[in-house]
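Next come the chains, spelled out residue by residue.
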Amino acid sequence: MAFAINSAMKCTKFTSVLVRQCSGGTLLSGVTKNAATMASSADLRPTAPAGGQNGLSKSVFISQSRDIFTNLALEDWMYKNFDFTDHHIMLLWRNDPCVVIGRHQNPWVETDTELLDRKNVKMARRNSGGGTVYHDPGNLNITFFSPKSRYNRKQNLEILANTLEKQWNLRPEINKKEDLIIDEKYKISGTASKLGRPNAYHHCTLLVNVEKADLKSSLLKNEKLMIKTNATSSVPAPTINLSEIHSGITMDALIAAVGWQYMKTDDLTNEDKGWGQVQKQKGFQMINPSEEWFPGIEKIRDEFASWEWRYGKTPKFEVSRSYDIGWGLMDISMTVESGVIQEVYLVCPDGVSWGGMTGKIPVATSVINQRFSQESFILVERALKTHKFHMSEPSNRRHAAHG
Amino acid sequence: MVAVSLCRVIFPRFYSLSCRTVQRSSAGRRSISTGSPNFAAASQIGRVYTDKHEWVEVSAEDSTVATVGISHYAQEALGDVVFAQLPSVGAEIKQHDEVGALESVKAASELYSPVSGKVVQVNTEVENSPGLINKACYTQGWLFKILLSNSDELKSLMDEDAYKKFVSSSDH
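If you read the sequences in order, they're chains A and Y.
Sequential numbering of the first sequence, starting at 1, is according to the working numbering.
Sequential numbering of the second sequence, starting at 1001, is according to the working numbering.
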């Protein structure tokens, strides 16, 4: 993805812009008061602490957008433009219903793309690795930004686990995949990262009160498609909402608790230094991911929402569907590169011919060089009607074909 | 190559893996090789490294073409690579450009080109079996070959000894 943004802004200057605007933030009444207070105190100290061992400060940004493409663009903008050397940031964001696949995944393997369209669930591709997740406003996304040299996924997850333990007496564990697990089995959080230079981020989900029926149905696959690919595959896991475990865990309460715990933690030593540590931080800030605040963000959003990024970035694959033609199963098979159909083959069962040909037959159809979709198969089916299927060796093959 | 900050990896183990190294002395004459003497004679510059943990090796037959991969340190820090996104053949790339990504368990790490030039070949075996990067990062696990447009760029990279020191000295 070629994001060209020239206007890198200095964080300190940026903070004062945020402070003016965030005092009117109304996303979370419980937090807004704190955000305003913290932001004002940051405003009184407009110069960021100078570098050095003790110069690291932290902020909690809360995005006011619920649009997945906008939030991915905000995350990318910060990753590409911020200087996190003396200022670590935790970005909290939520989305309207959407399915988010990993950078190197195949949307047709992970989801039923037509079903998602019908249900009005957006399909997005993120820049980090890993598997497919479902988001709705009951899911909190947390991005930890730092310089690449201080990237520490385990430490971030420990902040979340500590929050849940201190506030609600839960004991989540960090498993091998660095998911957060409750009761040895149920996943409450999935993790992925993007590492570059000079910056890196680790982001994760936290299920608070997601519509579980929608989560399940949005991750259903189209069983008719058989896909051969090297794309990264997802690892399904049973999930549980935090609100099911403890009724006191609401979205607002969680955002506040996670934010404060982040600010109490000294990232250089990974110690919880309590409220004294919070004095060093810049506090909560409501973020409006608009062009005015983040010049160039609209363009990035458009790229995230584009077909070229969402589907075109799919690793090359071969997809086929089987049809029962009475004499056995016939396959239509397509090779797809950059989301575009390269070749179409018909694979006849033994003893069956089509247009005088047998076995694997290349088909010239109008779908070649077109964007692949589930509908491509219907167009090929139509094209196949130009010729009829015949039994080429009826006497000795018939029983095999029927078997 | 990136993704190596939090891993406290033990280095001495991979010293033995890099056996065909030619060290350039300041006089440019003396070459020290711990591997095949023929190879050392054929190549002016052995495998050299970037601070982002990619390696470059100029072909013994054709000094205008170089092979690029990631170091042992990088592959160990990344863990099992599950997907390799490599540049396209024919792409013109500049030194330090982001040219692809390697995905290991849940982290997508950007891949930067250590040199400028035109991509002439990519390792399709690695695309099909990314685990080769872990198994043999200096041999079968190479990533792409590039027709160098400025071989002077190689001079700014680290030789084996300098890279060893770099890896063991600092926190990346």
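Errors might be hidden in some of the hints.
[Unchecked claim] List time: in silico BS3-like cross-link candidates among lysine-lysine, alpha-carbon distance up to 27 Å:
1. A:Lys-177 with A:Lys-221
2. Y:Lys-1135 with A:Lys-80
3. A:Lys-228 with Y:Lys-1165
4. A:Lys-316 with Y:Lys-1164
5. A:Lys-185 with A:Lys-212
6. A:Lys-221 with A:Lys-316
7. Y:Lys-1135 with Y:Lys-1164
8. A:Lys-224 with A:Lys-119
9. Y:Lys-1118 with Y:Lys-1145
10. A:Lys-228 with A:Lys-185
11. A:Lys-166 with A:Lys-80
12. A:Lys-360 with A:Lys-316
13. Y:Lys-1135 with A:Lys-316
14. A:Lys-228 with A:Lys-122
15. A:Lys-313 with Y:Lys-1145
16. Y:Lys-1094 with A:Lys-313
17. A:Lys-177 with A:Lys-212
18. A:Lys-187 with A:Lys-166
19. A:Lys-216 with A:Lys-177
20. Y:Lys-1155 with Y:Lys-1165
21. A:Lys-177 with A:Lys-166
22. A:Lys-176 with Y:Lys-1094
23. A:Lys-221 with A:Lys-185
24. Y:Lys-1145 with Y:Lys-1135
25. A:Lys-299 with Y:Lys-1094
26. A:Lys-154 with A:Lys-122
27. A:Lys-154 with Y:Lys-1135
28. Y:Lys-1135 with A:Lys-177
29. A:Lys-299 with A:Lys-280
30. Y:Lys-1145 with A:Lys-316
31. A:Lys-122 with A:Lys-187
32. A:Lys-212 with A:Lys-187
33. A:Lys-177 with A:Lys-228
34. Y:Lys-1118 with A:Lys-316
35. A:Lys-313 with Y:Lys-1118
36. A:Lys-388 with Y:Lys-1164
37. Y:Lys-1118 with Y:Lys-1155
38. Y:Lys-1165 with Y:Lys-1135
39. A:Lys-119 with A:Lys-80
Hints in this document: simulated from the structure, not taken from any laboratory.
The hints, checked one at a time:
no., hint, verdict
1, A:Lys-177 with A:Lys-221, "holds, 23 Å"
2, Y:Lys-1135 with A:Lys-80, "violated, 32 Å"
3, A:Lys-228 with Y:Lys-1165, "violated, 44 Å"
4, A:Lys-316 with Y:Lys-1164, "violated, 37 Å"
5, A:Lys-185 with A:Lys-212, "holds, 16 Å"
6, A:Lys-221 with A:Lys-316, "holds, 19 Å"
7, Y:Lys-1135 with Y:Lys-1164, "holds, 20 Å"
8, A:Lys-224 with A:Lys-119, "holds, 19 Å"
9, Y:Lys-1118 with Y:Lys-1145, "holds, 8 Å"
10, A:Lys-228 with A:Lys-185, "violated, 30 Å"
11, A:Lys-166 with A:Lys-80, "violated, 34 Å"
12, A:Lys-360 with A:Lys-316, "holds, 20 Å"
13, Y:Lys-1135 with A:Lys-316, "holds, 24 Å"
14, A:Lys-228 with A:Lys-122, "holds, 24 Å"
15, A:Lys-313 with Y:Lys-1145, "holds, 23 Å"
16, Y:Lys-1094 with A:Lys-313, "holds, 22 Å"
17, A:Lys-177 with A:Lys-212, "holds, 22 Å"
18, A:Lys-187 with A:Lys-166, "holds, 19 Å"
19, A:Lys-216 with A:Lys-177, "holds, 21 Å"
20, Y:Lys-1155 with Y:Lys-1165, "holds, 17 Å"
21, A:Lys-177 with A:Lys-166, "holds, 24 Å"
22, A:Lys-176 with Y:Lys-1094, "violated, 38 Å"
23, A:Lys-221 with A:Lys-185, "holds, 23 Å"
24, Y:Lys-1145 with Y:Lys-1135, "holds, 19 Å"
25, A:Lys-299 with Y:Lys-1094, "holds, 24 Å"
26, A:Lys-154 with A:Lys-122, "violated, 30 Å"
27, A:Lys-154 with Y:Lys-1135, "holds, 26 Å"
28, Y:Lys-1135 with A:Lys-177, "holds, 21 Å"
29, A:Lys-299 with A:Lys-280, "violated, 35 Å"
30, Y:Lys-1145 with A:Lys-316, "holds, 21 Å"
31, A:Lys-122 with A:Lys-187, "holds, 23 Å"
32, A:Lys-212 with A:Lys-187, "holds, 13 Å"
33, A:Lys-177 with A:Lys-228, "holds, 25 Å"
34, Y:Lys-1118 with A:Lys-316, "holds, 23 Å"
35, A:Lys-313 with Y:Lys-1118, "holds, 22 Å"
36, A:Lys-388 with Y:Lys-1164, "violated, 68 Å"
37, Y:Lys-1118 with Y:Lys-1155, "holds, 19 Å"
38, Y:Lys-1165 with Y:Lys-1135, "holds, 23 Å"
39, A:Lys-119 with A:Lys-80, "violated, 33 Å"
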